[in-house]
Each structure stands twice: as C-alpha cells, then as structure tokens.
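As they're listed, the protein sequences go chains D and P. Per my numbering: the first sequence = residues 1 to 963. Per my numbering: the second sequence = residues 1 to 289.
Do not rely on the hints blindly, as some may be mistaken.
Stated by the list, open to error - Simulated DEER-style distance windows between Cβ atoms:
{"hint": "1", "chain 1": "P", "residue 1": "ASN209", "chain 2": "D", "residue 2": "ALA907", "range": "19 to 27 Å"}
{"hint": "2", "chain 1": "P", "residue 1": "ARG156", "chain 2": "D", "residue 2": "HIS416", "range": "48 to 56 Å"}
{"hint": "3", "chain 1": "D", "residue 1": "GLY627", "chain 2": "P", "residue 2": "ASP255", "range": "35 to 43 Å"}
Since the hints were derived computationally from the structure, they do not count as laboratory data. Glycine included, C-beta positions come from ideal geometry on N, C-alpha and C.
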Amino acid sequence: MRSRSFLPVLILLAASLAVVREDAGADSARKKAERKPNPGCISCHQGIETMHPWDPLSCTDCHGGDGDARTMEAAHVAARQPVANDERTVGLRHDLAYRRFLNPTDLRVSTEVCGRCHESECSNLEKSLHGTTAGHLSDGLYENGVMRDKAQRFSIFPVKDTDGTVPDNAYKSMPGIPAVSVDGDDRIGKHFSDLPRKSCMQCHLYSRGVGLRGRLGQDGWYRGEGCASCHVLYAHDGLSLTNDPTVDKLEPGHAIAHRMTSKIPTETCTTCHALDANIGMSFRGLGQLPPGVPGGPDVPGTTDKLSKGRFFLRDEAICPPDVHYERGMACIDCHTGADVMGDGNIYGFMEDAVGIRCETCHGTFSAKATLKTKNGGRLDHIKIQDGIAYLTGKIDGKRRRVKQVVDVLNPRHEHHNKRAKAAMDPVKHGRLTCYACHSGWSVNFFGFHFDRNEAFTQLDILSGQRTTGRVTTQEKIFATFRHYYLGFDSHGKIAPYMVGFSTTGSAHDKNGETYLRQELPVTAKNLSGMTLIHHQLHTVRPAARRCVECHAAPSVLGLGSENFHLFRDLFVVVGDAGLVVCGFDVKSPDKSVAIANVDLPSLPRHVALLNNRLTGRAEVAYVASQGGSVQIVDVTKPVRPKRVGSVNAGDARRVHIREGHMFVAAGRDGLLIYDIKKPRRPRLLAKVATTEARAVFIDGIYAYVADGPAGLRIVDVSRLDKPALTATFDLNGGNDSRPNGANDVLVHFTPARPDVQGRRRTRARNVAYVADSEGGLYLVDVSRPEKPRRVPNSIGYGRAFQATALAFASNYDIGSAGGDIVSAERDYLYVVSTSQASSNGDLFKMDVTDPEQIRLTGRRRTVTDPRGVRIARVYQPPFLKQFAIVAGRANDSVEITDVSDRSNLTAAGVVEGTGRVVGVDIESFPLDRLVGLDDKPLKDVSHPRSRYLTRKEIERILRVELK
Amino acid sequence: MRNTWFIIAALAGTAIAGPADDILAARDKNKDGALTPDELPDPAIFKKADYDKDGKITLLEIKAYLNGGIAPAETEADKKAQREADKKRAAQKRELEKKRASQAAIVQPRSLDERVADFFRRFDKNKDQKIQKAEFQAGDEVFKVADVSRNGALSRREVRRYIRNILTEARKNPNRGNFFELYDLNRDKKVTKREYSGPPSFFRAHDHNKDRVVDEKEINLGPGGGEMKKGDDKFLADGPTRAPKRGLLDRYDEDKNGRITLKELKGAESVLRRLDKNGDGVLSGSEVR
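Could you build all of it, start to finish, from the sequences and the hints given here?
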C-alpha cells in the first residue's frame, strides 16, 4: 500500500527531472550552437583563430555588433566619439560599445564581457596595482613634496572597494590622479607633478601605451590593453602571424594571433616592466646602458637587437640573469594570479599586494615549504612528493626540483652546504630577507634627472589635451651596477634598497631659458626626496654575498661613500687672499669665475665646507689655519663671505666635516672632535693623542688618521665623546728605517662582482688609500679595522711620488663604438703629488677597480706644489663629467682639469684672481648617504612602514667579528 | 823526541801535531794565551810542563817542553807576543767587566705589583688596603674609571686592572709625556733600541740622528722625517692674509654701473643663474653686495 502511494510521486519526480535535464541539455546545445563563430564575421575573417578555445564563444559574444551582417559597416560597431590614435587614455565611460568592439577585454567593459564567467578576476583587476598603478604614480609625488602624506595614493581612475571588509593595509577608495597647474613655479616638486600624466601613464592597462597599431619603431612596446595586456601575446616587432586575412601583416601593433593564453611568457610582462632599474631587465640579465655608452651587434657585452629604441647591457660578469630565469622559469611561475590581478583589495604598495615569498617554495630555516603565499594564496603547480618539492613550469611544463632551505642546512642531506649553514642562522640573520644576501647585483641610477620645458607642449594622456611643458624622464646622472644598499622593508626585514623615483629636475620657461637647474626634491617632512626604496631586485644568484660585503661596508648600510656626490655650483679656495668663493660654470668650465673673498686672521692650510643637507649648497666653511685655530666663515651668501668666528684647534692641519661634527687633524695636538650642531660655535667633544695627525677621514664608526711618521691610525669614534684607538698601521712595514710620511687618507669600499658559471663572487674589501710623502701611495685593507693589513701586490710607487692629497670618483667609462675599448664601471683614485726634484706638481689618475692591480691611467702636470684636490661631478645633460680642481701654489689662479676621459686629462679652465691657494673644497650633495653621523635620516622613505638602519644598528653590524 | 811524541799522543784528542804555537792555538779555548788544566786534561803532562807552577802553561813552557824540558831562550819576539797576549787578555777582561757593570745598572722595569704598591703608598693614607674617594687626590674621572665595582673605594684588584689598562694603552700610543716613564729602564734619560718595546714607527720618527738612541732633546724635537716639504708656507707672507677685498663689482663691473651682465661675468651662465635671485638676467643690488 505504502509503496503504491509513493510511486506516482517518484514517477512525477523522475519525469520532472527528465524535463529539467532535457531542458538543460537543450539549452546547452542551443548555447553551443549559438557560440559558433558568426557566419557573417567569418565571411571576412576566414581562418581567424579561436580566441577562447576553453569555452567557445561567438564573435558577438565578446565584440558585440551584428554577426549575421554581410557588410563591414553593418557588422561592425561604429565609433560615436572618434579619438586620435595616440597614447591618450580615454575616460571610463567613453564610447563603451565601440571600445568593446575594438577590444572586449578593455577594462572599461571587461566586467560585462569577461566578467560573465570571470567575475571575480575582472572585479579584482580594476582594484589591483596593475589596475591603479598607485605606487608608480604616487611615490614620486611624495618624494617631490607634492603629496604631504605617504599613505595618500592616487589611481589612474577613481576606484572603490565596495565588496567587503578592507584590511588595514588596503584602501577603501583611491581618487584619480589630478592635473596640476605648474607653469612658472619655482618648486621643482610642482614640475614633477606634470610627469605622471604625461610620461608615467604609458604603462597601465587602460591603454596600449606607445605601441599603437600602425606606429612604426616601437619594437618591444607593442602590447594589448585590458586583460589582453597579458593574455594576448604580441611579437617584439608587433607584427601578426594570424590567419585572419583582414589583418595587415606588415602593420605593427597587432597580436601574434587572435588567441588568448594563460601561458604568459616573461617577455610579455617586460613590455611594461622594463627600462631604468626595472626588475624586468634585471631578471633577464639586462641593464640599461648609461648615456653615451655604445651598444649593438658590434659591441661585446650588449644586446644585438634594438628593443624599445635602444640596446642593453648583457654581460654575465656584471649583470647575470636571475637564477630562476636561468633555470627556465617565467614570472608566472612565481607570481600568482592574486599577485598580478589582485585579491579584491585596493593596495597602495607593492609589498602589500604581492604575496609570493621565497619561503613559499623554498621553506624557512626550520620548516619545509608550505606552498602558501603571504596573502593565503596557494601554488598549485608545486607538489611535495616524498619530502621533495617539484615545480612544474606553467609555460614549458618541465618538472624542476625546488631546493628546501632545511635541506641545505641539514648536514646529512645531499644539498647541504657548510657555508650556507654558517650564514643561515636565525639568530644572526633571522631578520634578513633571503635576497638581502642572495641578490647578485644591483643597479642604481643615482640622481635620475627629469626635464620640463615650457617652450613646448605635450599630450596629457588622461585629458587628451596638449598642455604646456614637455617632459623627459630618461636622463641618468650616475650609473652603478656594483654598489649595494640595505634597509628595513615594511615587514621589518632587512632588504636591498635601490633608487626609486627620486629625481633631480630642471625647468625651462616659455623662451626655453633655464630657471631651475638640477634642483633636488624635498618631502613634506623636510627631508631630501632623493630617496631609495626597498626592492626585490630579481637578481638572485646561488652564491650569497660574503660577510665582508655587509659587515665591513658602511656605505652598504646607509652611511654613504665618497662616490655619487653631485656637484652644485660653487667651490671655495683658501690661500694668501684669504677665503675666495668661486663659481664653476657647469656649461662652460672655462668661464668659471672668482666671486668674492674675505681675509683671515692667520694663514690658512685647509678648508672644508658644511653643505646644506637638502640642497647640497655651501653654508659654512671651516678653515684650518696656522696659529692653532679653525676659522669659521659664513658662505651662505656667495657674494659676501663673512668670517663669523673661530675655535682653538691646536696645530690644525686639515678639517673633515660630517653631519653635525667636525674632525680636525691637529698635528702633534692630536685628533680633535667637535660638535657643530651650532655651526658657528663648535664644541670640543674629545681629543685623541696622535704622533702628527695631518689628515682625517670618517668611514662608518671609525676615523682614519694620516698620522705622518706613525703611518695610519684608526680610531673608533662610535662614541664621539669617547673615541678609542683601535689600531696603528706602519705603512712601510717597519723594514725601512725611514719614518712614514702619511699626508692624506680616504677610505672606499670596493664591491664584489656576482658569481657566474661556476666562478665565485670577486673579492670585496674596505680599502684605505694613504698618500705618503715618503712611499707614495699605500693601500691598506681595513675590512677588519682592528687588524689592518697591506693589500697584496699593492705598491708604494716610491719616493719620487710624494703624494700630498687624494680624491676618489667612480665612473662608467664610455668605450669605443667598435668595442675594442670596453665600456666599464671603474673606480678611480686621483692623487696630487710633488716631484722630489722640483716643486712641479702632478695630477695622477689611477684605476683602483681591483686594488691588487692598480694602474696609472692618466697624468697631467698641474700647479706647483699641489696641496689639495677635489673632483667635481658635473651633470652636463646627458653626460656626467668630472673635473679636478687642484689647490696649489700658482700665479693667482686655480686650474680646472677635465678628468672625464680615462687617460686623457685636459685643461678645462682657469679661475683667475684667487691668490695662491693651499686648500679647496666644493659644494656637493651626497646621493647615497642615507643616515648621518648624528643618527638623523638624511633622506626620506616613501613607504610608511619602511626605514633605513639607525646608527646603533649600523654599529652593531659593523662590529661583528669577521673570520 | 820521545817526549815530543808523548805530547803529541797526549794531545791526540785535538789531532793536532806541530809547533808550540799551533798547539796553543788549538787548545787555548778561552784565548788567554795559556793552557789551563781543563784545556790540557792530562795531569801528568800538565805538571811537567808547568815549569813555574803557576797553574798555567804558557807558550814558552810549551816550547820548553817540546824542547825536551829545557826552557828555550825567551826571544824578543816571544816576549812581545806574550805582552800582546797579556794586553789582549786584560782588555777583554775590562770589557767584560764593563758589560757586566752596565747590565747590572739596567733597572728592571717596574713590575705591575710595584706600581700598585706605589699607588697604595701614595693614596692609602690609613693603610686599610683600600683607597677611599676622599683619600684619592688624582681626579674624580680617574677614580670613576678605576672604581669598577662602584662601591666608592678602590681595591687592590681594581687598581691593578686600571694601571694595567693604562700601560697597555700607553704602549700602543707612546707620546712625549709617557715615553721615558715607559721605556727608559735604566733611568739615564735615554732610551735605546734595546730598551724600547713600543711601536717601531714612533722610535724611528724621533731618532733624528739615527744612532738607535732617543734622548730628551730628540723627543722634544718631535717627530721628524716624512714631512711635507720644509718651507711649505713660505710663499705666503707671515701673519694674517691681507689681500684686497674684491667682490663681484670690483672684479667684473667694467662699465661701473653697479650691475653685472652675463657678458661682464665672462659668460658664466650657470654662475649668474645661481646668484640672480630675482631672475632678471642681471646681477644688481643685494645680488652683488
């Protein structure tokens, strides 16, 4: 009875299910029938590839239009608001039907098209960093003082997060970047704000950038827009191989084929992630060549093919590719979909948006990989089998074993590495990112320069209007592929730092006249905007950096070097005319002039300038004088230098100024240390006994004293009020019965080159160069200041070489077009010396790139009895030039020598009316000095949770004993 | 002859046979011109050859013995040789005595214990083996540094540590003030190379006459050598600089109109731009003064 009562229900249910299934099947079949390519479209586009093979769609499903029409005009969607075919980015609501027709993946319409199936991806992409380019736009605006707040972020178009909770490190919304009126403004930051909308806007997802369809010569720039930016591939030359007969195969700016892919190669990413110090270059082992450096098929160490209008550096000895690239991996093998397309939150900073970490795949010191990103994403193409991790390449399908850190540390494992075990100690190095040690090299273009000329107009990419001011942003001042910097990232880990958007800038008025020249930006916190920012350099190498490269390198930790000092405009000399302020004409050094002088109450011996921390311009001159004093001269007004005080300073020979402090080498009266926070009232802090202190140089937490007959003396000045003698080094080794004659000293850290093809990293060391009137030039390895030793194979050059003063400047030498003279980054030491036989002076230029093989590359007769030398690094766009200004006895003038060429030192000018001089110093701005001796930051950081190392932290690192 | 051969046999240990001079030269270890019993170990021969029983066998006695025991006539040459040998012996003796005397005069450096004892003698007035702050008269800073335990009194151990640190530092960094205190061991106001144990470069720098001794005069002279050329400042007049004060107008205002154009500034465009505050392309007013 019961069964009979249920049966009709069951039959009914079965019948209804059958109907449902039948309906679904019919519906699916109908849908499948509809998704065939539209016959009307195919009648012209015969042979066109299937764009979306995973789930076939009809043409009109994506493009709209009339798929049955037989004429183009009827089939296509016409433009209702035509726009010029240029880089402009039209508004979000602009002619949407037409935009959809042109490119259904256009972000303006993608939500309706792609979003029908890929709803979350499309929604996330709009809010992602790729969609907003927030960092790209905003960092530079903060660094130039335009934005007051680091947290403030702009997007290309306004964007809001309305779909749920907003994490603390994300934004609820972002405004679109505004246009700013800047003409005639005397603040360089204001001029910078014209850049994003004219220059930076080339790279975002709402347009194709400069690689427009039909535009020739944009090889390397051709790409799609919207989702197609990544998912549709373009050839380097922008030419298509499609079967679609309607596509002009000779016209650049077309996709390779009408097909989407999820196997996105690195070359697609680097269409935008390219140029300057970009990770896209570094990952592939490429570097942008400094201005004037030749490249091309005839030049070894450079690419053979033009890309983005230029050749690139490709030299494994300098910039080898990232090991992941070497092993055949692509960007997408590490970066997840969430990294690239966003996770639905609006992040302002890359470190928040990117979830992949080294630990995700390689594990940590104590545990194997979790395969989960920082943001909770999971890497599905890595599997752990029997304790071994394997990654299957997303593009090549190849299976690769992924080393685990715990295995490297395990003495019983085949991957064990003893040296790694010694270094990878959580107590010692637990606060470092993996790539702080494993970055093989770093590229920095210090003093990156932009130019804005109001005599011309340029397209504002967002408004589509041509507005006043043409901007150029590709000018480099300094270029280095060797120097390296560290600081704290926004997760509290020590990471590499590199030059970001910090730029010097020049502006020209409507007549083309320069009214702002190489101005330096200042942030809202009244700190220099010439900043560095932490970065995953994408130059990972198997061999880590050696201990000495951090623990003996004050410059790496933020204390700066003698390199990368940008000359401003003036220099001062001292002599029998007192102190004379001179103007150096950067355009034509032969037109340099003396400006004004002021008498001094006693004969001067040496001068050092206190330069402004933000502008590099001279403020106060400290003049070591006979009679036991340092005279203080206010030079803020160059036309009227004024003596404002003095301080007793023993037998003052030379002065060295570092952030708030003055160090006086005072002969037999020792080394005197003063606090000059009040520049006109130095306060003696401490005194160190010496034999005959003639010069002093501060490097890190040590003072290096050229102590005359006693040689080199090293004093720990970490406590400036309680300096302590660390070591004394007898330069001529004690074998010679003659005493030493150490006259001058400077210290420079020689960086290492990366490991390549089984070759280890080259040697890095901290070297003290000592000018000695008895032995010439000595090189002392002070990587361990408590145990200085002679650099092997370095030679004294002998008594004929009575070196009196030193200066240092690296340079990227420009080689010959044929490549027979190689372009290279080299370190140069400039030595002035008096001939023993006569009073004739010489300027020597020595290549000290390898301290064990120093070479004399240039020599020039200079002023009689030279006592001082300074190298002015002058930016004459587009080149960086070097001029030596030598102080010496001469007839009422100072000579300027062009030392830019490796070997050919030539006269560049003479400044008359200076009197006979004994000392010289220049205005300059140190670009790589991040923290001062007084523990105050010298540069700002544009990311709110990031910071440079403090003095205390730096000291702790430098004090680690090296074995 | 038999005697000769007997002597030869007795002296066989030296494997020397020959005339008296050769024998003496071969056996006279201390070169005093005579053979002593330890130099001629055969007592029988020694007794026989020592004619004058003075405990030594001279050249003459050797000759006599070789001569069959008959002392040869002492020739003038022999006498002269003997005198010279005696003189030489006397001179050697004097030198040795002098050396011993000079060595005896070197005062061993004061040991750390002696210095500590001195310290307590000076300051521990109440002899309680501790130096209270009130007893210490050499400066608060020194007391503070030495009083490691911070209990207001210096123990023997603290004083010892303090002095040892001072000596270590001073030896690394000698100067005029501590030089003789540290290194003049025999207190003769001179420090020889032998006495000196500090950094070699300091000694070299002050040994002006290169006689391997640094005296008071030399230490007061200061370090020498390796200097920049003497008279390096002679080209400058003595005293303060007295150059005429010359500003921009003095130097470049050719038409004396109180303004400086780019042309007058020799075309130094960037210099003009730096000084041109009001941007009018000319330097005037406060821009030139």
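Violated hints, by number in ascending order, as checked against the structure | Hint check: 1 fails alone, others pass.
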